[in-house]
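*Asks:* Sequence:
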Amino acid sequence: MSGSKILVTSSTGNVGLPLSKKLYSENIQFTAATRDDGRAKDAMGFDTETVYLDFKDPSGFSKALEGKELLFLCGPSATPGAEKLLVPLLEEAKRSGIKHVVFIASYPGLMEYIEKSGMDYTFLKANFFMQNFEMYQTEDIRDKNRIFMPSGDGKAPFIHTRDIGEVAAEVLKDPSAYSKETLYLTGPETMDHYKVAEIFSKVLGRKINYEAPDDETYFREMKERGFSDEYIKAMIAVFGKIKRRKVMPASDTVKKILGRNPHSLQEYAEERRNIFIRD
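To convert, count from 1 in the sequence shown and add 7; that's our numbering.
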């Protein structure tokens, strides 16, 4: 049986990868849950224990959770029905004796389930990753010199996922210190997408415009690009929170836990500059 007591799901994702690297750098033993062992180790750049886990395949949950006490749970991004998809894993976690769940709190229903499960927990509540710009806007920024989001003139405190991953590592090191807490994690500044476009313009050395389409215009264009109705509606709902000003203000939680300021959007844009530049 493995000596590792920590299971990290989505171990090569935007949050899971920096979390895994932080744990490794501090010699904290963990098991990386992955669908592809070789790909995971290539992404991490180091050798660590891995176990097969696919959120869509509950038959592997019991083995993945065997002997574990701490579960870092980050659901699949931009996946319709993800909330229901994760329930069987949490049910198995409870049966398997997981003592503490560190959850990227994207789904209110799952937060409620965890609260009632008897397992201890820490919720990491972080809206609007900086990495969303490369996930959803690379083509627009790179090829069309624009940011195309149905977010109106609302503001958000965009956060670098490295900061989330490193906070998660601190929680996993001493989970009892964060028992039943919800940690609100944000970047250092709340800004609208007009300010975002200014930052990308400065870093890329060319004018990037923010287009703020209404929902109908956004739906129509995304449909023409080949995205499904379900996916587009999910995007409108998520990014519409900014338009409706339903986003939490900037917090100092990252600084309190990590002892440093969170990364700025300009730092992120400079770090990932090459993916937004045409060949």
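Please note: incorrect hints may appear among the correct ones.
Distance condition first, Cα-Cα at most 25 Å in a straight line; then the derived DSS-like pairs of lysine-lysine [what the hints assert, rightly or not]:
#: 1; residue 1: LYS180; residue 2: LYS253
#: 2; residue 1: LYS101; residue 2: LYS63
#: 3; residue 1: LYS91; residue 2: LYS70
#: 4; residue 1: LYS12; residue 2: LYS29
#: 5; residue 1: LYS28; residue 2: LYS123
#: 6; residue 1: LYS63; residue 2: LYS162
#: 7; residue 1: LYS262; residue 2: LYS162
#: 8; residue 1: LYS132; residue 2: LYS253
#: 9; residue 1: LYS48; residue 2: LYS91
#: 10; residue 1: LYS63; residue 2: LYS12
#: 11; residue 1: LYS240; residue 2: LYS250
#: 12; residue 1: LYS28; residue 2: LYS91
#: 13; residue 1: LYS240; residue 2: LYS63
#: 14; residue 1: LYS262; residue 2: LYS180
#: 15; residue 1: LYS106; residue 2: LYS132
#: 16; residue 1: LYS12; residue 2: LYS180
#: 17; residue 1: LYS48; residue 2: LYS180
What follows is a set of in silico ranges between Cβ atoms, one per label pair, in the way DEER data are often shown [stated by the list, open to error]:
#: 18; residue 1: PRO115; residue 2: TYR201; range: 29 to 37 Å
#: 19; residue 1: ASP61; residue 2: LYS101; range: 13 to 21 Å
#: 20; residue 1: GLU237; residue 2: ARG280; range: 39 to 47 Å
#: 21; residue 1: PHE234; residue 2: PRO115; range: 42 to 50 Å
#: 22; residue 1: ARG232; residue 2: GLU73; range: 29 to 37 Å
Just so you know, these hints were derived from the structure itself, not from any lab. Here the structure is a predicted model, which is why all the values come from computation and not from measurement. Think of the CB as a built atom: it goes at the ideal place given N, C-alpha and C, for glycine as much as any other residue.
*Asks:* So, against the hints stated earlier in the document, which numbers end up violated here?
*Replies:* 1, 5, 6, 9, 12, 20, 21, 22
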